Each structure stands twice: as C-alpha cells, then as structure tokens.
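For chain V, the structure is supplied; the task is to place chain W on it using the hints.
Number of protein chains: 2
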Amino acid sequence: MAIQVFNSMDYEEFINKFGNVIEKCPLIAAAVWTNHPFTSLGALEKMFEDFIDLLPPSGQEGILRCHIDLAGRDLLKGTLSSESQAEQNQAGLTDLTLDQRSQIRELNASYKNKFHFPFVICARMNNKDTIFRQISIRIHNSPEHELKIGIAEVKKICHLRLLDIFKQVSHNSKF
Amino acid sequence: MAIQVFNSMDYEEFINKFGNVIEKCPLIAAAVWTNHPFTSLGALEKMFEDFIDLLPPSGQEGILRCHIDLAGRDLLKGTLSSESQAEQNQAGLTDLTLDQRSQIRELNASYKNKFHFPFVICARMNNKDTIFRQISIRIHNSPEHELKIGIAEVKKICHLRLLDIFKQVSHNSKF
Chain V
40 MAIQVFNSMD YEEFINKFGN VIEKCPLIAA AVWTNHPFTS LGALEKMFED
90 FIDLLPPSGQ EGILRCHIDL AGRDLLKGTL SSESQAEQNQ AGLTDLTLDQ
140 RSQIRELNAS YKNKFHFPFV ICARMNNKDT IFRQISIRIH NSPEHELKIG
190 IAEVKKICHL RLLDIFKQVS HNSKF
Chain W
40 MAIQVFNSMD YEEFINKFGN VIEKCPLIAA AVWTNHPFTS LGALEKMFED
90 FIDLLPPSGQ EGILRCHIDL AGRDLLKGTL SSESQAEQNQ AGLTDLTLDQ
140 RSQIRELNAS YKNKFHFPFV ICARMNNKDT IFRQISIRIH NSPEHELKIG
190 IAEVKKICHL RLLDIFKQVS HNSKF
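In order, the protein sequences belong to chains V and W.
Mapped onto our numbering, the consecutive letters of the first sequence carry residue numbers 40 to 214.
Mapped onto our numbering, the consecutive letters of the second sequence carry residue numbers 40 to 214.
Source of the hints: derived by calculation from the structure; they are not laboratory data.
Some hints could be false.
The list cannot tell twin chains apart, which means a pair is met if one copy fits it or any two copies do.
To be verified - Derived lysine-lysine pairs resembling DSS-like cross-links, with alpha carbons at most 25 Å apart:
#, residue 1, residue 2
1, Lys-56, Lys-153
2, Lys-194, Lys-56
3, Lys-56, Lys-151
4, Lys-153, Lys-194
5, Lys-56, Lys-167
Quick caveat: nothing in here was measured; it's all calculated off a predicted structure.
Okay, chain V solo, but in the shape it has when bound (with noise of 0.2 Å):
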C-alpha cells in the first residue's frame, strides 16, 4: 500500500516525495509530515488543506505568489518547476499563436495588476480556451473572492500532484 510507504519515510523523504505539490512552498510539506502516519492518501490531502486553510490571508496570498505567470516567458524557457511544466504543457499552453500568447501576456499583467498574485488555475482540469474564459472572467472579481478562488485551484493542483505520486509508488511497490 501506498500509504504505508509513505508512513515509513523520514522527513527527508517525505520532502523529496511531495515538496513541490504545493507549488514552491516544501515548507507545507514539511510541516504536514508532523501528523504522520496517515491513515490514507484522503487523510494527507486533508492535511495539506488544513494547513493553507489556517494560513492568515497573506500567507494564502503568498502561495500564491509562489507561482509563475501562466504561460509565461519560464513556460517557454523551460525552466518551470518540471511539475508546471508538464501540466502547462498538456493543456496546450506551449502551443499558443504569436496573437494569444500577447493576449495571455495582457491577461496576466492586468490580472496581477488587480491583486497582485498571479492567476493561478488547475492546467490539467483546464484547456487553452476554458484558461483564457476563466481569466478573463476572473480578473473582475473582488480580492476576497479571487484570493478563495485562487487558493481551491491550489488545491485542485495539488490533489493531481498527490495522485500521480501515489500512482507512482502504487506501481513501483508492484515489483
């Protein structure tokens, strides 16, 4: 079982393994490790959440912060976190026109303009055309909404990350 697996890491492990399901912030995973063991993948997650969900609003804000610009100028050079760039990738982000990634450059200019943190939404549960409606929806709501908003998409994100790594642990205590 996965999750036995992950019950019998150190600290050190636990942080190699899911330091990044939280875009740049391993410090969450660090502090969820203190709860361990975990009686399932469910139970981790919900760690995870409660975590951000007791964060004051600028430490919401600040993970949000930890993220880069969709589709930006890191997603063309490569060098996202290799996470982001996986999941900007299938969603088509790496495929824009000369017209749209202007347009998407505009989007997220005026988005961190408003509320400076960047638009964040989950890639994967995402395509290029729902990405562009949801910003362009999105950046006329007010703060508190989008800083909630933004922060479920956090947790969208993460719940994908947690996945895959249980998937891949699944499959390789197989052999």
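The following block gives chain W in isolation, referenced to the frame of chain V:
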C-alpha cells in the same frame, strides 16, 4: 534609502531578493510583501518574525526541516543554497578533519532521531568549536524547548541575510 528601493519592488522582484532569507521558504517572503510599504528595515524584519510566530508548531517545525544538515554532504558537494554555503564556509565547516566530519554526522543523526528536525544554528555567529559544543548541549533539551531555540536561530540567520541585502542595495544605490 534601501527601504524605499524595497518598497518600490513588485512582488516578483521582492521574492527574488528576499525569497531565501528564511531558508527555502519563499512563501514567507511572498506573504510578508502583503504588508508593504515598510517603514524601516527593522519593521520589515519584524514582519518575517511575526509571520513565523503565528504559525502552528508543525509550521515552525516545517521551517526547520527546510534546512539541510550542517556540515553535511551537501556542503561538500556545493549543492547548498548560496547563502548557506557561504555561512557554513565562514564558520570553518568546510575545513573539518575526517574525525570531525564523522563526529558531526553522528551528532546530526542523533539530533534528528530525537527531534525529527535538523539542528539549526546561525553559523555566522559561531565557529566550529561553538557549533560542536552547542549541538552536544542542545541535544539534551526537550522537543518544545529545542523548537523555540531552533526558531530563534532561524531569526538570527534571517537578520544577517536581511543586513546583507540591505548593504548590497545601499551600496548599489550610491552609484
């Protein structure tokens, strides 16, 4: 004035500059940015400290766990953060005998085995001898007390890293 330079930074520039004043925790710098403008370097430093103090114990343990073992393999391989590398170098930790290296490896392991986070000390306020002495003494503390001491050391490291950035920016803004 350096503080004016910091206050004029957007969150991306701020994270680039301050993202590692708490080792591997850009989330904290990203959260602190919310409270800009800062009236002074002292006020900025207090924001880092306040954020840390408001975290639950698991979050504070998480901060400690984002630190790599002092004088460990990563120091020799040169794969530490540039700040840690310079700090440990300055404390003479790159210059240990084989015996001292094996001694610190054992002390680190015993410490982590007891506390489930690594031994953290402000290397620049110490030297080889005081570091060996401190770990030998601190290993007898209670986990609660040792968490407090570890976090106090994180704040000293943060203080010196902030001063470095401040000096660097003050120097550059003269030209």
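Outcome of the hint check:
| no. | hint | in the structure |
| --- | --- | --- |
| 1 | Lys-56 / Lys-153 | between (35 Å within a copy, 22 Å between copies) |
| 2 | Lys-194 / Lys-56 | within (17 Å within a copy, 27 Å between copies) |
| 3 | Lys-56 / Lys-151 | between (31 Å within a copy, 19 Å between copies) |
| 4 | Lys-153 / Lys-194 | within (23 Å within a copy, 33 Å between copies) |
| 5 | Lys-56 / Lys-167 | neither (29 Å within a copy, 32 Å between copies) |
Comparing the model with each earlier hint shows a violation of hint 5 alone; every other hint is respected.
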